[in-house]
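Residue numbers (numbering that gives the first Met the number 0), protein chains in the order written: chain A, 0 to 232; chain B, 0 to 107; chain C, 0 to 313; chain D, 0 to 542.
Honestly, the hints are just simulated from the structure, not real lab data.
Accuracy of the hints is not assured; some may be wrong.
[Claimed, not checked] Computed list of lysine-lysine pairs in PhoX-like fashion (alpha-carbon distance at most 20 Å, straight line):
1) Lys232/A x Lys101/A
2) Lys238/D x Lys262/C
3) Lys425/D x Lys48/C
4) Lys117/C x Lys132/C
5) Lys132/C x Lys48/C
6) Lys120/A x Lys130/A
None of the values given here were measured: they were computed from a predicted structure.
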Amino acid sequence: MSIAEPRVEHHPAQLAHHFEDLGQQHESANLGMWTFLATEVMFFGGLFGAFCIYRFTDPVAFAAGSHHLSVLWGTINTFVLLTSSLTMALAIHAGQTGEPKKQVRYLLLTMLMATIFLGVKASEYYEDYEKHLIPGPSFTTDLKELGLPTDVPEHTVQHTQMFFVFYFFMTGLHAFHMVIGLGVMAWMVLLARKGRFTRDYYTPLECTGLYWHFVDLVWVFLFPLLYLIDLHK
Amino acid sequence: MNNQSDHTALHDHLLPLSAYFKVYAWLMAFLLLTVGAAYVDLGRLNFPVTMLIAVIKGVMIMLIFMHVKYSHKLVWIFAGASFLWLLLLIVFSLNDYFTRDLLHIPGK
Amino acid sequence: MWDFPLFPERATEIAGKVDAVYFGELAVCVGFTALICVLILFYAIKYRKGSTASRANAVTHHLALEIAWIVIPLIISMGIFGAATVVYFEMFRAPADASEVYVLGRQWMWQIQHPGGKREINELHIPVGQPVKLMMTSQDVIHSFYIPAFRTKQDVLPGRYTSMWFQPNKVGKYHLFCAEYCGTKHSGMIGSIHVMEPADYEHWLESGTQTETLATSGAQLFKSLGCSGCHGLNATVRAPLLEGVFGHPVPLEGGSVVTADEKYIRDSILLPMSQVVAGYKPVMPTFQGRISEDELLKIIAYIKALGRNERSGQ
Amino acid sequence: MNAYAATEVEAEPSYLTAGQTIKSWLLTVDHKRIGLLYMVSITLFFFIGGAAATILRLELMTPGGDVVQAETYNKMFTAHGVVMVFFFLIPSIPAVLGNFLVPLMIGARDLAFPKLNLASWYIYMLGGAFTLWALLMGGVDTGWTFYTPYSSMFSNTQVMAAAVGVFIVGFSSIFTGLNFIVTIHKMRAPGMTWRKLPLFVWAMYATSIIQILGTPVLAVTIGLVGLERICGVGIFDPKLGGDPILFQHLFWFYSHPAVYIMLLPSFGVINEIVPCFSRRPVFGYNAMATAMMGIAVLGFVVWGHHMLVSGQSMYAGMVFSVLSYLVAIPSGVKVFNWTATLYKGSVSGDTPMLYALGFIGLFTIGGLTGLVLASLSVDVHVHDTYFVVAHFHYIMVGGAVMAYLGGIHFWWPKITGRMYPEIWGKLAALTIFIGFNLTFFPQFVLGYLGMPRRYYEYPPEFQVLNVMSTAGASILAVGYLLPLGYLLLSLWYGPVASRNPWNAAGLEWELPSPPTTHNFDEIPAAVERPYDYPLREHDRVDS
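Chain A extracted, bound-state conformation (with noise of 0.2 Å):
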């Protein structure tokens, strides 16, 4: 970036040199985050309406690969991740406070807890693998051990595959900000460390803020549609 700027001796070093002041700069990452939120929401979303509408053409089938999800290790996974979020908040209250030991702690602490989630998920998938889940050629025909009753059609059992294809894309999707979050996180914990964040610019720590909690929010739809709503049946 070029700094041919008139007024750049007035300029707090992390002002980019479009931007008037370090307000205006910090509203418009803010704003650009949840803009790309929204567009996190349609991404995330196509897959919600896409799995509410074959849920709804064949429930049984639905309920029959639901069934397979442990609720203990979601339930776990879910407490993981919303106290992820917590710490998370944390970390920019922190950052809003200009406390550079707390911010690396609690966002340490959000790290943690994010590679716990993504453990529990793995031995999860590991499960799934174990007990020929995976969707395609190695997907089991077994009716039984699918847990549907003897005597199902054949969609029955694709159906049945079909749960699983959106399980596995909407978490393995889900996980995938993970791990990019994680990154994120592992980048802020280095930038804090050199006590970058002070109470007057905390931009990049709160955006990735944003983006964890909306991590959060994501599997807090994703949770109950994958392993709660069928489990009565």
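On the provided structure of chain A, position chains B, C and D as indicated by the hints.
Okay, now just chains B, C and D, sitting in the frame of chain A:
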């Protein structure tokens, strides 16, 4: 809307820490509630109840954790619009699925 | 060279109605386009740079005018919507006495089967003046059955039945096109509709090898696939009797009621667990993978034939 | 032409001369340079898509198959559609003119996120590379609509490479939209209130809403198609338990609003040109801005009119049909308002104005025939025929491309600092107008006659109209090559342009031509109302 005068000061939505813990406690309570409710057969109500709890949790996260409650009304609009659009997608698609075969004309 | 057509032939009554709506729309299109073009040219010339026309009292907004050009087009377009929708419902609501022809689309041909059992490929012979209903499905990708002279078209989907109907009023040979892109020879998936005098049609039906009717073949399949073992009168397993079922409401397990139409019968054969008749055990095996689209059509024809008989007791 | 010659001498180098190395272009974060990078790339894609169209029109000269094989023909219309829609029309006005003009018009030094802006160009090029690769490796034959189950289970062509290209280029579009939204909200000069914004900026804002909310759905839909194609797991293919209609819902949820991504920016351009060359404020400013926002929102709930014979329920068809009529109303308002802008103006027929007036006429025809297509029973007949092809070319070529060319001519002096030869400009505009109508008007007739689209061979009675169309296409091709030639030549031989050769209103015209890298030395503090065109003195009395 004048840009310069409109830039909110950076420090004005510093919440007390207790606010975050309070929301966290509520989130935990709703988590237990939704898992519990899932085991009870409420008939047709299971789906709406579960989704309602999810929406409540989501709104709490957005309002407090994501500071929407203390943000510019623009943020309210953006946060709301994305969900409105998602609703449009789902409602108008489902409208097709719910009304198929209403007239007993195959394919219509 | 100049004897090419500018307007398609019209061979059904509905086609006339579609054309009427179209002409109405065309009038609106031409009217508004002419209005805009004339105004633009007129203003551009009258108020050209340097002209002496008076520019006094020019306004930059005018509420009444703006409301007028919202409300007037709105009224016109709602009128068009209403007219078009009425005709649309007429186009797809088949009369009860329409004879049924089955259509199977596949890359890249149309297989057509008459209720009498006669088969055709890429050709459809029908009598003039009688309503014909097509029950259509596809074996592979999406196709679309399109007869320009009848102004009608319907996508043909794999795994699902779609239908259309028409009542030709003019003897002749008309184009049949596939209108939904379906692969390399999409443009070769064409054929003809032969609308014939009833006598010629009878003659055509009798010509060629005589095959049994769809319903008769269906009856044989009904036995050979073992359906009659349960759905028959002397069955050991209790299953619903199918006489007189078609077209009537059927109460289901769980309290809902469906009408026994083609889709319901197809689903019941392929997905028997999904809609079990109230009071019966869900014991019917699926026939998914054991029965072809072709055979399904025959069995449906048979069950329909049963439906036309008197309801024969419980 | 001498009247346009520059009088002032600029001390600071312009954005064009502020760095001459290739690196200074490829790593630039200057919105104006990025706009030019886009201009060069989309021009390339325009001519690639045009070459495919040439083959289509040549093949259709005769009823039988002679020029190419059926497979090749199918690959060509797919290439034409994919390239023109995703790599030319969608980025055209926003990424070129929008990038260049939005900061200038609102009094900002750059877009809010300059690096993201550069990144979106690279993402565009990456997506383009994938798609070109798909075309070179044998092509794709699904049509730009990628309908399942054909695209996911049946086609043996390079569907995945093309789909990945479209997936990637979507993010370029999203990031451009995101940048505009934030820029328009947060970077306006003091005093540049929403009601003082040029309507071009309003148009960019409305477009951006569609880009950020629609595009992700396309991306995820393509992802699902890819999953079905690669892993063979059922999503849309009925044989595997899927529903192909769901694909169509998701696809059109983006792809119908995508039409407005092409069209709203065109409205924006026309909104600037018509007042300037009529010397009048735009008629009904509030209605114009409201109409564009209304189109952006309503445009999201009409997608099902692409599916009226698809097996969608009749009731859903009715809902989509009636909403389609509603979305036509704001478009009508715009046409009437442009016409009223001419009234009592001082109209001159410079090249941009010729394009603008051509746009209004062609868009009117395109829009009104859209009403024919939205009416349920008539659509049953004309759906998937050449009537549809003619209709959307009137919108996309007669509309979006005319507006793009009009805009390029209008702002060419600002962008390059040079004037193009006016006489050649007028000639090209006229050639394009005539060629366009001759190409596409016969297709309305063909469509109502019943000629289905995407047909390699056709019954002989359709030949004369097809020959007319091909003849028109060759005129159109000349029309498109002309500006390429004289605009390029003007870079070296054109007279130097003044700050404001058209005597136009708007902040961008107060800057030197071409502007400096930082646009404004001081952010403008007081902003006049937009389109402040007083009548010329000599028009008030006489001349």
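- Looking at the structure, which of the earlier hints fail to hold? Of the numbered hints, 1, 5 do not hold.
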